[in-house]
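Novice: Top to bottom, those sequences are chains Y and H. When the letters of the first sequence are read in order and numbered with numbering that gives the first Met the number 0, they come out as residues 0 to 293. When the letters of the second sequence are read in order and numbered with numbering that gives the first Met the number 0, they come out as residues 0 to 281.
By construction, these hints were calculated from the structure, which means they are not laboratory data. Predicted model only: the values in this text are computed from it and were never measured. Do not take every clue at face value.
Heads up, simulated SDA-like pairs for lysine to any residue below, C-alpha to C-alpha not over 25 angstroms straight-line [claimed, not checked]: (1) 179/H with 23/Y; (2) 179/Y with 137/Y; (3) 91/Y with 179/H.
Derived DEER-like restraints, expressed as beta-carbon distance ranges [unchecked claim]: (4) 111/H with 198/Y: 47 to 55 angstroms; (5) 280/Y with 205/H: 26 to 34 angstroms; (6) 274/Y with 191/H: 33 to 41 angstroms; (7) 79/H with 23/Y: 44 to 52 angstroms; (8) 239/H with 141/Y: 19 to 27 angstroms; (9) 138/Y with 180/H: 45 to 53 angstroms.
For each residue, glycine too, the CB sits at the ideal point set by N, CA and C.
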Amino acid sequence: MTTAVSILPEQQLAVLNAAYRQAVGRRRLRLLLGIAVFAAALVLAGIGAEVNLRTLFTYFGNFVSYFDRILTLDNGQRVWTDVGEWLWGWRKWLKMLGETLLISYVGTLIGATLAFCLNFFAAENTSPAPWLRFVVRRLLEFARTVPGIVFALIFVIAFGLGPMAGVLAIAIHSTGALGKLFSEIVENADMKPVEGIRSTGASWLSCMRFAVVPQVTAGYASYALLRFEINVREASVMGFVGAGGIGQELVVAIRKFYYSDVSAILLTIIVTVFIIDISTGWLRGRLFGKEART
Amino acid sequence: MTRRQAVDTRELRARYPDVFDRPASARLATPAMIVPAFAILIYGLVDLDFSPSRFFAGLSQLGWITLMMIPPDPGSSLPIYLKALGETLSIALLGTTLAAVFALPVSLLAARNVVPSKLLRFPVRRVLDSIRGVDTLIWALVWINVVGLGPFAGVLAIAVSDFGAFGKLFSEAIEGADQKQVEGIRASGGSPLHEIRFGLLPQVLPVIAGQVLYFIESNTRSATIIGIVGAGGIGLQLAEQIRVLEWQKVSFLILMILVAVAAIDFISGKLRFAIIGRRAVA
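Isolated chain Y (complex conformation) (with noise of 0.2 angstroms):
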């Protein structure tokens, strides 16, 4: 078989060219002073952020040698050469871990609650008053972007140390995270339901009852179980900030040197995020369907 190519006359190609030439050239201006802007950004940042490459070459030996020591046993050995030793403390690590996973287990339902009430006032559909949305809305976007730990540094002061303050900002977080994801499900939520609901003359407690909660419970929880993944991680952070949790031992840790206890906390938080991770998706993959996993 032989395929013809065609191939154009001349002038007719050149004028195509051209054509061609001039608009991945204009393409490519505009690439290349992107780039530009960018690299000056980036010039600019390293100048604020103290960079110096210096420092980092002469000190990366150390970010070698500081995973060896952690690593390294008080008698010279290797971690994994003596478990026994290496974990020696994990009895009171576990402890620790479990405090924490309740931490985020008992911020996550009440941030999934009040979320929960608060959504159907910020979704555009379903609020009762637009100056009830503008409010509740505000809300939500300061109880999300002000981060956990900074409300949790705040509630230890009010609270007192320990891990209600913790609980208190993670619940805090997460209700303004998951309300904003909850009301963007309602808005996507059929209304017709509603709809046919209210022309029966309920009020609007039962419209959303009967017609908009029976579409969007399946969201909901796959959602706040996803965030309960997120809370696991941030509460093993709060006890940075005396807010409870294993982070608490994992700072003191860290700042006395206690090498080898480093690694054991850190593989204790890892082997934990591993199984919260895995065990939720598959919770989530069960419960919900696999079009459900976001």
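Mind docking chain H on chain Y? Use the hints.
Specialist: Below, chain H without anything else, positioned relative to chain Y:
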């Protein structure tokens, strides 16, 4: 007007057995999930030392703190705060860029359609997972031990923890790319490197650019907090002012963070749409 017909419940019951007589398993499913969830909640509240008296005492304390925050007032340290804010933005930008630059080659190793060998892919993925399992704040503490206190430690902390996230996201983007263009390059005699450069990268770069922009945005938030452990930026000022109970300065700093985050949100949203069009970004 027509009169409403009397409803014969018995007939309805007979006609819709699914609605009126749901099997016990379906009716019990919801309580069976809610009761244990609630039980764990109660156990948690007790175990974590929640008590109503403590809660309300703290709440009134919080009320006082809020009152003392008004009006926000930087005092005489406004220039310091602005500098700290600049530092925070720099940390976010540099950290994200570093992470993206290093994550791109590694993500190729973790993508199924580039590296078919599971033996090679598996360790790369697990390493990325472990990096992601450790919070940015922990990385910041580690880097402080290595390069000393200051914003540089923050840059490296964000770079490392984003490296894990980017590695995963990029490799997913690469796996989602259309394989036909790669095959086309291979058919015309291109080397594996050509396949990646001309077949894969043009498809995934816009997605990746969108993700990087999104991360710069979310890292502005992360960069505000790594200062709390001493890695530079506005978090350092914030933590200090909270510790010395200068509430007016605290509220001013929080406002500054909110405004900065909103501004970055706005700019990166615009840029994202410019780069990838109106497609939604994950």
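Novice: Using the beta carbons of residue 79/H and residue 23/Y, state whether their distance is inside 44 to 52 angstroms or not.
Specialist: holds, 48 angstroms
Novice: Do residue 111/H and residue 198/Y keep their Cβ atoms within the hinted range of 47 to 55 angstroms?
Specialist: Because 52 angstroms falls inside the window, the suggested range holds.
Novice: Do residue 280/Y and residue 205/H keep their Cβ atoms within the hinted range of 26 to 34 angstroms?
Specialist: Taking Cβ atoms as reference, residue 280/Y and residue 205/H lie about 28 angstroms apart, which means the hint holds.
Novice: Decide if the proposed pair is consistent with the structure: residue 91/Y and residue 179/H, CA atoms, cutoff 25 angstroms inclusive.
Specialist: Violated. Residue 91/Y to residue 179/H sits at ~55 angstroms, over the 25 angstroms cutoff.
Novice: Against the 25 angstroms threshold, does the CA-CA distance of residue 179/Y and residue 137/Y hold or violate the hint?
Specialist: With Cα atoms ~10 angstroms apart, residue 179/Y and residue 137/Y stay inside 25 angstroms; holds.
Novice: Given the hint of 33 to 41 angstroms, check if residue 274/Y and residue 191/H actually sit that far apart at their C-beta atoms.
Specialist: Holds - the Cβ-Cβ distance for residue 274/Y and residue 191/H, about 37 angstroms, lies within 33 to 41 angstroms.
Novice: Quick check on a hinted range of 19 to 27 angstroms for residue 239/H and residue 141/Y, using CB atoms only.
Specialist: holds, 22 angstroms
Novice: Between residue 179/H and residue 23/Y, is the straight-line Cα distance small enough, at 25 angstroms or below?
Specialist: holds, 24 angstroms
Novice: Could you check the hint for me, namely that residue 138/Y and residue 180/H are 45 to 53 angstroms apart, CB to CB?
Specialist: holds, 47 angstroms
The structure is inconsistent with hint 3 alone, although it conforms to all the rest.
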